[in-house]
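*Asks:* Can you build the whole structure from these sequences, using the hints too?
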Amino acid sequence: MTAQPEFPGLAAALADSRRLRQRKLVQLPLLGSRAVFTDVQGRGPGESTAPSALADLISSISEIGLLQPVLVEQLDERHLLVAGERRLRAMRWGATSAPDNPHFQALPAVVCPGPLEEEERRRWQLVENLARERLQPGELASALLYERCALLAQRLAAASISIPEAVRKEPDPVARFRQLEGLRGSSAEAAAPWSDVLRRVGVQMSPRKARAVVAAFRALPRELSAEMDAHEIALTTRMRFLDLAGGRADAASEIWQAVRGRGRVDLLSAAVHAAARDPALSAEAAVEAAEELHESANTSRAAKLSRPAGDEGHLEPRAIASSLVERTCTVLGELAEQLRAGCRAEGYEAGSLRLLVADLHRLLEEAGS
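Per the UniProt record's numbering, residue 1 is the first one in the sequence shown, and the count goes up by one each step.
Honestly, the hints are just simulated from the structure, not real lab data. Just so it is clear, the structure is predicted and the values come from calculations on it, not from any experiment. Don't be surprised by glycine CBs; every beta carbon is placed ideally from N, CA and C. Mixed in with the good hints, there may be bad ones.
To be verified - Computed beta-carbon distance windows for the label pairs:
#1 Asp359 to Gln257: 36 to 42 Å
#2 Leu25 to Thr328: 23 to 29 Å
#3 Arg344 to Glu365: 24 to 30 Å
#4 Glu223 to Leu335: 29 to 35 Å
#5 Arg122 to Arg178: 30 to 36 Å
*Replies:* Pasting the structure below:
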């Protein structure tokens, strides 16, 4: 992460485009003449076979729906895909192979009236990539900080505050921002709040999430952040890791070394959770507990996938693991507490939460729980 990401003008490009300003969230058909296609010749993605690379995505959508809409350009009565081919392929496969599943009956899409210029399309795709965090959390935090530094530097210059060359050339975004903030002092007009930064970049992300991404980046040593990026460790897992490290730094470090040594960094989140619940657990014991949990989940998933069609009524329903219920209730309780305190989820995050809560309510009712 030594190269400085460059995203100047992304938000301006979206705001300056009359068509992109008109984009809106809609539900599109997955089949038929109004279905989304992937090129101007009208070729749609294949739906007769579910590629193994899409299996996890298809399984996720079948259970909780598509949480991130695809991007679509409207050309008269046709709809051209701009970004989200894997999501579209998974949805098309589900529409033909599981037509009774309500999650496969319509395609959530952000639609923009076309025709778009190639430059508009390219920048929209880039903004989509940023918003979906295809950049790993550390890389995303670095990019956002560089953008915040750029905006702050512009406002300092507009306020006639001189910026030393050494500050301009500071390679570390955290150090650069700290130095620029020092130059700003108490000047409110030169401030660069996250809301302005996100609007400038065009990322559909709440300021609260931006602060969380950057907070994790600041708190983790650069080498560890880069390692976690390389292993694609999710932001939520990093935040849990930092929570544990805040009170038990040695335990957090030992757990990271243990999961990395086993080649099982996918166990990090569960291992950290196990250690947080039982401070007496050693790092190895926490990882073993996480491994048992994963094996149990994999066994359950394999049994579900191998279940013969129409055989559901002959199986005894299994009880949900109490540890999963406990973790879920804890997270939902924290979310409810923030909502009661006046915080709010924005954009797609709010929609995703509503979809998931509604689905949980329906499934619990159907199960008679």
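*Asks:* State for each hint whether it applies.
*Replies:* The hints, checked one at a time:
no.	hint	verdict
1	Asp359 to Gln257: 36 to 42 Å	holds (38 Å)
2	Leu25 to Thr328: 23 to 29 Å	holds (27 Å)
3	Arg344 to Glu365: 24 to 30 Å	holds (27 Å)
4	Glu223 to Leu335: 29 to 35 Å	holds (32 Å)
5	Arg122 to Arg178: 30 to 36 Å	holds (33 Å)
No hint from the list above goes unmet by this structure.
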